Structure formats: structure tokens, C-alpha cells
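Protein sequences appear in the order of chains A and B.
Residues in the first sequence are numbered consecutively from 1, following the numbering used here.
Residues in the second sequence are numbered consecutively from 495, following the numbering used here.
No lab work stands behind these hints, which were simulated from the structure alone.
Everything numeric in this text was worked out from a predicted model, so none of it was measured.
Virtual Cβ for every residue (Gly too), placed ideally from N, Cα, C.
It is possible that some hints are incorrect.
[Unchecked claim] A short, non-exhaustive set of chain B residues, derived as facing chain A with CB atoms under 7 Å:
#, residue
1, 814
2, 824
3, 947
4, 952
5, 954
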Amino acid sequence: MDAPIAMKPLLVLLFLPAFGAGVIALLPARMAGLMRGMAVLVSLITLIVAIWVVIHFIGTNSDLQFLANYPWRSQLDNSFAFGVDGLSLPMVLLATLLAFVAILASGGVKEMAKGYYALLLLLETSMLGVFMAQDWSIFYIFWELTLLPLFFLINTFGGKQRNQAALNFVLYTMGGSVFMLIGLLLAYDASTPHTFLMNEMAIGTASLSGERQVLIFLGFLIGFGVKMPIFPLHGWLPLAHVEAPAPVSLLLSGALLKMGSYGLIRAAMMLPEAVVTLQVFLATLAMINVIYGGVLAWRQIDLKRMIAYSSVSHMGVVLLGIAALNLNGITGAMLQMVSHGLTAGALFLVIGLLYERTHTRDIRHYGSLTQVAPRFAFFVAAAFMASVGVPGTAGFMAELHVMIGSLQRWGWSAALLSVGMLVGAAYAVRTIGCLCTGPKHQGTEILIPMRRTELAAATILVMAIVVLGFLPAPLLGMMTASLDRFGDLFVNGL
Amino acid sequence: MGWVMVVPLLPWLAALWIGVGMLTGQRRGEAGERGTAWVALLAATGSLLGMLVVDGMAVHQGVMGHVVVFPWLSSGPLRVTISLLLDRPGLVMGTLVAFGALMTLKFAVNYMHREPGFHRFFAVLCLFAGGMTWIALSGNAVLTFVGWEVAGLSSYLLIAYADTRTTATTNATRAFVTNRFGDAGMVFGMAMVFLWTKGVEWPAIFQAAKPLGSLLTAVMVAGFLLAAVVKSAQIPFVAWISRALEGPTPSSAVFYGALMAHAGAFLVIRLEPLLVLAPFWMVILMLIGGLTALFASAVGRVQTDVKSVLIFSTQAQIGLIFFECGAGFFDFALWHLVAHTLWRFYQFLLSPSYIHLAPVRPSAGGVAKSPALYTLLLHRGWFDSVTDALITRPTLALARDVQIFDELVISRMSGRPMQESLLRHMVAGVEVSSLSGVTQGRGVLGRLLERVGMLFFWFEEHLVLRSSGDGLLKAMRFLGEYVTRIELLFGQPRYLYLMIMLTFLVIL
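Bound-form chain B, shown alone:
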């Protein structure tokens, strides 16, 4: 079953192909658009077909379960394989991802036409599609994490698609940093899982968790749940997703409307065997999901642009999915996930035309009656401001303090960066011709190195090179002259006679 690897790898290959093409200058501007689109669509189609074949086999012969393709890393007791978990949630999610990626790419061919970042967009979207497929199909926590990170990274790259706009880049950073909380949770979860079950393959984890008891399982699951809650933008991490809408519409569709926001929910479904062992977290899941659903549907009512309305309604639905998982209806949650994803795809891709399609502006409904509530909702629950006050500002203040310390103490010790005046001279094109620019050390260690360097240099020049190079040659020349002189002497008849006489003497 190793060939199933093709499904997640095809989009990555396409991304690589487009990326290399961009680097080498093969793909530029409008002329290259056809090629780029063709490669991306081909990969996505191939990936979808592969997925459908696997689905067909699964229907025909039953699901394959855990498939190990080849071992990857081994270090001490840690063994990581490249493996796939082709069970029901995995196959469903994988097919959904492949289908969604293909649709979005097809839509984007026209939508992104003549945009300056056409190729970049397609490369990142392919990268993302591959990452999402790994989340769906991977057979162990490490590969899931790989997919998770790639999806996060490509999301960052696409939010900042318009990289000349300050809001886009700020929002991208904000979204990315928030996502790192979840990533930290995931790493923590993996570490705990490895600590107690000595494995990272999902089936092995599920098996080993049973005898561990609910407390240990709860600790193991906690990290993964944090990751899921962040990725799906549930309370209290609701703020980042509305910032993420800066990207072009197709990317919003695939990331937040449909696929990536559901990755968290999918992870929860994937963790079903662990969650049922930790009832405490089930209750928490219900709480988080329920609250998010209420909050998001209320906030959605006061939004004035179509993408925001859609994103909050998405959030509300995902909240419901979390709620269902918490209540133990995992199968139902999977159904809900699929149906909702498909519907959201359609809506998000349609959103640019919504303004024309919708006959009347939707009204805020009941919440309009209470000014306090309306304000609260308009500010989206102040989640962003609270984060600013609690995390961003203290971090900035700390950074400022550290920088002052750095400038006053560390820089002096380690050597300041090159002085500004000198730098300006260099930039102006005036050559700094003394040796100083190159072999001068700065800071305590630099000075030391400079002194030692001078010492060694002297030693090398005077003792090693001169004595060996020049000295050796000089000695050789001297010796040579000497030998030549003796040779000349021997050439003269009188010494030859003398030699012959001497020889005779010795013989006699």
C-alpha cells in the first residue's frame, strides 16, 4: 500500500516544481500562468484519483488500517516510521481535502489571473494541500505534526500574500504566533505520549493508553486538544481567524472556511479512543464548543462584510462539531464536518458575488436591541484587546528591558556592530584599505583573537615559512654551490691523478 504516499506527495512535488521554476526564472508573469496552473491541477487531480482508488478498495475489501511504508528515524527507543492510517476518518478527511484542493485550485486559475503573485499563490496552495493530506492520512503523531506545521506555515504565507500591505503582514504574524500556542501543545502532547507509551504510531498509542488510566491519558490528550482548539479557533483563541481573512478569497475558502479550520475538529475525532478514556476533557470540549457556537453566531450577526459573516458562522458550526465530539457523537461529528466543509467551500468561493446575489442586507436581529451586547459583539468580545494587554504588551516591555541590558553590557563585551560612520564610508564606495576592516576583532573575544592572531602570524612568518621556505632553499643553494665546487675540483686533472694515486694506495 506504499503507493498511497503519492496522494500527499503529489501536491508537494507540484509546489517544488513551481518553486524551482520561480527560482530559476522559468515561471514569470502571465506567460507562465498556464504551465503553473496545469502542474498544480494535474497534481491535485492525481491526488484525488489516488484517494478515490483507496476509497474504492476500502469499500470493496474493508479499510486497510495502519500501513507502514518505511522506517524514517530511530534514536534510542524512539522509532518513527513513514506510515499511513487509512481508517474511516482518515479516508473521509483525505478525500475531502483532495477534492477541496482541486476545486479551489480550479477556481483560483481564473480568480488569480494576472495577479502579481500568481505562481507564489499556487505553490503555497499546493504546499498546503499536501500538508492537510498528511494531517488526514498520517499514521503517527510526528507526521501529523509535520502536516500541521506545513499547513500553519502556508497559512502564514497566504495571509501575508499582499506582502506590501502592513495590515496583511501584521495579521499574518498575529495568526502565526497564535497558532504557535497550539504547536507547543502538540509537541507537549507528543512528548507525553512518547514518555508513557514509548511509541508515536497512532494505533500503538491507542492500545497502550487503555491500561494507563484516565489521569495519564488526560495529560497526554491535553496538549493535542490545545492544538485542536487553537487551529479551529475556539474560545479563547477565537481572534486570529478573523484576522486571517486578509488573504485572497480562494485561500480564505480553503483555509478558514473549509479545510484548515476543520483540522482541529478532525484531530479531536482522530483522538476518539483516547478521549473516551478521559471524560473530564469531554466535558471541557462540550463547554468550549458550546460557548464558541453561541459567541460566534452572535458576533456574526453584527458583521458588515460578507467574509466576516461567513467566518463567524463557520466558527459557530465548528463549535457545534466540538460540542458533538464532547457529547460522544464522533461519527455524527464526522458527518457534520463533511457536510459543513462542502457547503462552506461553495459559500466562500461564491462570496465575491454575494453582494450581487443577496437581495437584502441581513439584519442584526435580536442583538440590536441591547446596546451593551451590541458593543460587545462589535468588538468581538475584546479577545484581541485582552490578548494585547495580557501577552503582547508585557512581552514587548520585557524585550525593551532586555535590549537596554544588551546595549549597555553585552554589546560592549561582544563587540558592537561596525560603527556607523565607517559603514557609511564603505557604502559610499570609499575603500577602507587598511588591514583593519578585515582582521580586526571587536569585543573582548575579538580583541583576544586579534592578539593571538598577531602572535601566530609572527611565528608562522618568521619561523615556519621563512626558515622552511626561504631558509630551506637557501641552504640547498649553498650546499649545491659547495658540491659544484668540489665537483669542479674533481674535474681538474691534478685531482684526478691524486684520486687515482689514492685508489692505488688503498688497493696496494
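With the rest of the complex left out, here is chain A:
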């Protein structure tokens, strides 16, 4: 290839966190402060590189940009290919931002800091690998690679039931990825020429018969559906989110769930006919997700569990947007992915920090935060308002687009979505009320106020939510050409 590796920004993005993890692993164990500083610095530089890529990205071009392509094994025709387009770049930015915020908010980790920060950075690398891979084999490798750091992070640093949660999480995802692998191999086998490159494979699979496409797509659906999660494959999620330490649940919910929906969009573009056939099925699943997750979130008294279920509900909105198969729907789905990443991140961050101080997640043990800890009260209220999708937050733009997209597709039956939103508002307002007002409770009447780094982390997230709510144009501009391509794929099909 023409340019040296150092000149490929995507490779820098990919290997910088891994390099940081390596350096941290080599530091002596007593230098915990230095490790933390190192991790913050590395993730900050990664974020800056990601922003640089965003600035130099041309949103009106639907082709892959910043391509880095190295042939790997000629007999399989797979290659070490990375690139970004309008669908992956927002995810890359989200992942780097959330990784930075998560590391910033990890001030509470004192023991085994080396393992913790190294694993977090490794997780960042593998996430970025998933979002930037343009070759299904590489995609699959990075997909599996995310499990490793996450397993150890949950298993070592988690709560009481951490072992069960970690094992459960890995088993579920592995089980799902088996189906994904089968689908992938089927697609590889069926497409001519045999290749793993995403774009070229899509050309081959698009000409397959409808039934084959559906079969292959179902494999992908199960694989990605576990991660996303789609009802009824969400069994791992509540436990893993609850047991993981707060910064890890932030990443898990904010960025890792998006891998599922991102993969699903890629698969849908590869197998358009299958998606059209399964459209109603997908929409039904999405509606179940939205309402089922929302009602269960309302039913929880464990705060982290509640946010976990609200994630199920919000990812249902993403699925609905994808299933609408039109421009508005997919725009809403992408916006919702970004918005949910930020919102769920903010929620897990704030609740995690509260838990760190009080060691209780029971909603009934809190009260009167406005007087006890006004900053916490502000961020709790802001984050929950954002999760409702109040106008002026990113969630509003997303839900509006999904709503319009599904109205265009299914007419008034899409109004069911608003039932889900209503339930969402019910538990969000209920929680704000329980946490911020009412009498003070024993054990939570005195709280250490937020530290400066924690404040910075929460502020970054809330600011991002509000800025996107008022000014979504830059984000939309970044995605416009790729979204149009997705929309055009399905204009003729229906």
C-alpha cells in the first residue's frame, strides 16, 4: 500500500489503546496513579484522533474512507481491511468518547489497577476493531475479542454474583456468535467470488434466492440479537449490567450493545431481500422489546437493573427504526444508537457513583438528593430526562425520526411505540421523584460530593446529549450519504 502504517489514522486508532494497555501491563504494580494517568492520556489521544478523522471525513461520500487494506490469506481471500463510512464513524466516535469517560470515572478503582486499565484499553481496541472492520472475518475476530476483557472485568471487579454474571454473559454471546459464524460461512460459500470483504460479499449475496437469504440472515439475527439485545435473547443483560462495575456497565450499555445493532444494519444491507421478507417479524420483535423492556424497567426497584431494562426498551426503538427500512427509520435508528449510548452512559455513570458511596441500589433507600447532593440530583434528573427523550435532548430527535419512519411504513399501528415512550416517561419521572425529593433516608443522608474527574465525565455526557438535541446537523451530515444508500436499497423492494 502507498502510505506507511503510521499515516493510516484508523490503524493508529485501533492500535493506540492496545499499545497503551501493553505499556500499562509493563509498569510496576505500585504505580497505580501513573497507570491511571496513562490510561486517561491514551484514551484522550484516541478520542482526539477519532475527532480528527471525523473532521476530515466527507459526509456526502458514501464510499469507505481512510481505507487500510492488507491482504491476509489469499486462499481464503480475506484481508486485514479497515475503513469508515457514515454508519461506522458515529459508532467509532461514540466508543472512543465513552471509553474516555469510563476511564475518567474509574477513580474509585484502587486495587489491581493494572489489570483494570489494561483490560479497559484492550476492550476499546476490540470495540473499535468491530466498528471499523470492513472484512467479515476480521469483524468476527474482534467481535469475539471483546468477550475476553469483558469477562475478566466483570469476573474480577464485579459485584456479589459476578462469577455467574460473567459466565452467563460469555456463554450467551458465544452461543449467539456460533449462529453468526454459520451464517457468515454460508454467505461466504454462497457468494461468488468467495470473499470476506463486506462490500464485495454484499454484491454476491444480493443475488441469492430469497429463502437462502432468509436462512443466512436468521443466523446473523441470532448472533446480533443476543448482543443488542432482542427479546427473548436478553437473559444475560440484566445480570451482567448489574454486576459489572459502573464504568464497565457504562461501556457495556453505551458502546457494546451498539455492536449488535451496527452489525444488524450491515447484515441488512448485505441481505436486503431477507430483511424485506422478515420486516413484520422484526417490527413485532422491536415493539415487544420496547414495551416489555419498558414495563419491566418500571417494575424494578434496583436502580441498575432498571437502567438495564430501559436499555432493552431503547434498543427496541433502534430495531424498529431498522425494520422500517426507509430513510427516516434508519436515520432515527442511528441517532438512537448514539443517543442511547450517551444517555445510558450517563445513567450508569451517575447511579454507579451513587452506589460507590452508599452501597445500595435500592430505589427506596434514596431520597432528597436535591438537598443531600445537589450535583448528583442535577445529573440524575438530566440523565433520566434525556432517557425519556425530552425535546432538546438527543433522544427526542431519534425517537421522532423512528416514529415518522414507522408511521410512513405501517401507518397508525406505529402509535404503539408511543405506549413504550409513555412507560419510559413513567419510570423516569418516578425515579427522579424517588431519588431527588421526599424525606432523607438513613445511610444516604450524607454523601461525598462528586469529585472533579467524575464531574467532568458526567458533564461531557450531558453536554453531548444537549448539544446533539439542539444541533443534530453535524451528526446527520456525517451520516447522510450512507443513510441515503441504505434508504435507496429498499425503495424498490417495497
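Given the structure of chain A, go ahead and fit chain B onto it with the hints provided.
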């Protein structure tokens, strides 16, 4: 010319700075007064200097006219830009506002010293100065409206400056609500303008209105005129301005004595190209202005406190300005506006000392001879009472009826607020430990949600979590034990032999 944006934005930045300082606790009490005053004065000075530079350029090179800084919103055919209209009325008014704001702030530094709301006062005053500058300089109706609203809001905040006094807060609400009539008119005007001219930029509106004819133009102007009449407290909206005097003196000076009361007159001058197309409204303007001038100067004669005397005389003068506009002397009206504003500034700022300065109390003059007239004037024409009878009381009665309906029907359906006894328990610190407090629904929908929640919860617990979580692990463990057992068997020699024998058999 985009830098002219600095003029209206500087005071807002100062307001933001002071406000953030107050929120974070940086600016409190007497110690922070110097900083607050310094920031506010700096912003006002910068704004005035900017204005003077623009004026100088205008004198030197001629007025710049309409300047578009950058596009702001676009939705369908609606395009709104951030734009400035730097023509003669705009520049004159803008300079006047910047000058007035600076003078008032300077005066207030000493006047408000050691007042509990020192910082709040300065923040709101800066907010107001920015809003007024937008009214003067904005290049389209939307931005004018933004300034208009900010001025209205800050006026509300300053009338209620003494927020512990009931009269102050009542009067603030009263003034604000009256002003909303004008705001509604402005929105109506903008909607009509957009409907017929497809634009909201002032020059485009003026251009497009010419071929429309006098009837359509009259409809378009009507809303704006209503806004102007309300803001300048002309008949029949005369009552609110005397209530507005509750605020501290410098704010009265800048709001009602000088700047804000003139905003209406300025809007009329700004609308000159439209008004000349609608002669009907010119006549009405003359009528309103003339009547207000007569009424206010008569009422002013029977007032017993200095601020009221001043405010009614202000009203009378603004009535005259409206009259002049109605007669078509817009340039003259602008001159009058400037002269009157400057004079009123001086008088209002001086008003606390008037009692010492004035040698004799002014007498009521001729109106004292007729008891009926005197009573009428003393009650300020009963405008307030008439408003009460016609609007306030019917609204209250309607609200009462709606509330009864709400309590009897809607509350029952939607779920009453938490029962009082339960609430008292919670406030007393007794924990309500059952699950009921949190996941219990109230009202029809709440009950439904509760039932559905129970159902889903059961499903989730029994089928999804147990079967997947525990069940999966149990199955794995079972399988593991099984495999281990087989593995153990294979470890024993006899099975190893058997395997080797079997292998040989297969090979042979």
C-alpha cells in the same frame, strides 16, 4: 459586518457570566459586587463603543442596511437568518439603548450597593440591555421577537425584584400577562407576514408588501401594532405600566421611563414602509396616541408620588409620538423619541432626590375643580377594574369550574396524587418499606401498567432469567459432570486397552 453582533451579545455574555458566577457561588454578597459591576460596565461600554464605531462608519460611508451574518433555521420554505438591519432608526435606537444601559448600570452601582439582590439585578439588567439592542438592530421579525420577549421577561423579573413582597409579585404577574397580549399580536403578525410574503426579513417584507394592497397589509400590520400599543402602554392597555413601578428606581428608569416603553414606538417607526400602505391604521394610531396623551397628562396631574407623575407624563409623551407616527411624521417621531428618552433618563434617575429638589408640590391644576373628573383620574380611568371584571374574574371562574371537573372525573381516572396520610408518614421519616410505594400504579392507566408489569415480571423471572441464567448453568454443570465421568473412564487402563483394540479393529 458580522462583528456588529458583538453589540447585542456583549450584555448577554455579561449576564451569563454573572449568572454562572451566582450559580457556582463565586459571586455572593458585598465582596462580589465590584466584580459584577465591573463585568456589567465593561460589557455595556464595549457595546456602546461598538455602536459608536458603526455610527461613525454609517456617517462616513452611508448606512449599511441589511446585513446577514449567518443562516439560523430552515424548515420548509421558512428561512430565518441571524441578520441585522443597520438603517437610520435602527442605529439611532441602538446607540440610545447602549448609552442608556451604560448610564443606568453606572448609576445602579452605587444605588444598589448592599442590596440583597445586587447580582441578580445586574444580571437581569444586562439581559434586558441585550434584548433591547436586538429589538433595535435585528434584521428580521423573528429576532425582533426574541429581543421583545427577553425584554418582557427581564421586565417581569425586575418588577418582582423584591420577591418577598406580595404587591411586587402580583404586579409583576399582572404586567407580564398584559404584555402577553402584545406578544400574541406579534406572533400573529409574523405568521401573517410569512403567509403572504414568504419571508421574515424586514427589507423583504417591505418589498413584498407593496403589490399586496392595503387590506392584506393592514391585516399583517395589525398584530405588530397590537404589540406596539401594549408595550408602550397606550389606551386601552394603560394600566400595567403604573403597576410596573414596583421595581428598583434604576430599573424603572430604564424600562418604563426610557427604553422599554419606547420599544413600541420604535416598532411603529420600523414598520413605516408597511404603515404608509395601510392608511386605516394610521388614523387609528393618531386616535390611540392622541387619547393616551390626553388621558395620561390628566391622570398625571392627580398623582401624589414622584414616580407615578413621571410615568404618566412619559405615557403622554409616547402618546404624542404615536400621534406623530399616525400623522406620517416618522422622522420627527424618531427625533422626539430620542430627545424624550434622554430627558426621561435624567428625570427618573433623579427621582429619588426630587422630593428635596422640588420647592413646592405641584398642584392638580384645572382638574381639581370637577369632583367627577378628579375621581375618574384618581382611579386612572378604571382601566384596571374593567379588566378585572371583563377578563380576570371570568377566567378565574372558568378555572374553578375546570378544577371541579378535574377533581371529580379526571383525577379519579388518572390517579390521585399520593394520599396525604401516606405522604405525612414519609415526611415524618417513617419508611414505607413495602414495594407499594415505588411500583404501584394509580388511576386507570397506572393499574393497567401494574398488572402488565406483574405479568411480565413473572415471565421474565421464571422463563427468561431462570431458564437461561440458572438453567443454562445447571445444564452446563450436568453436562460437565457427565463428560468428566467419561473422561475418568477413559483414564482407566482397561478402557484404554479397549480403545486401542477398537482402533486396531478399524484399521485392520
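Tested hints:
| no. | hint | verdict |
| --- | --- | --- |
| 1 | 814 | 44 Å, violated |
| 2 | 824 | 39 Å, violated |
| 3 | 947 | 4 Å, holds |
| 4 | 952 | 10 Å, violated |
| 5 | 954 | 6 Å, holds |
Consistency note: the structure conflicts with the earlier hints numbered 1, 2 and 4.
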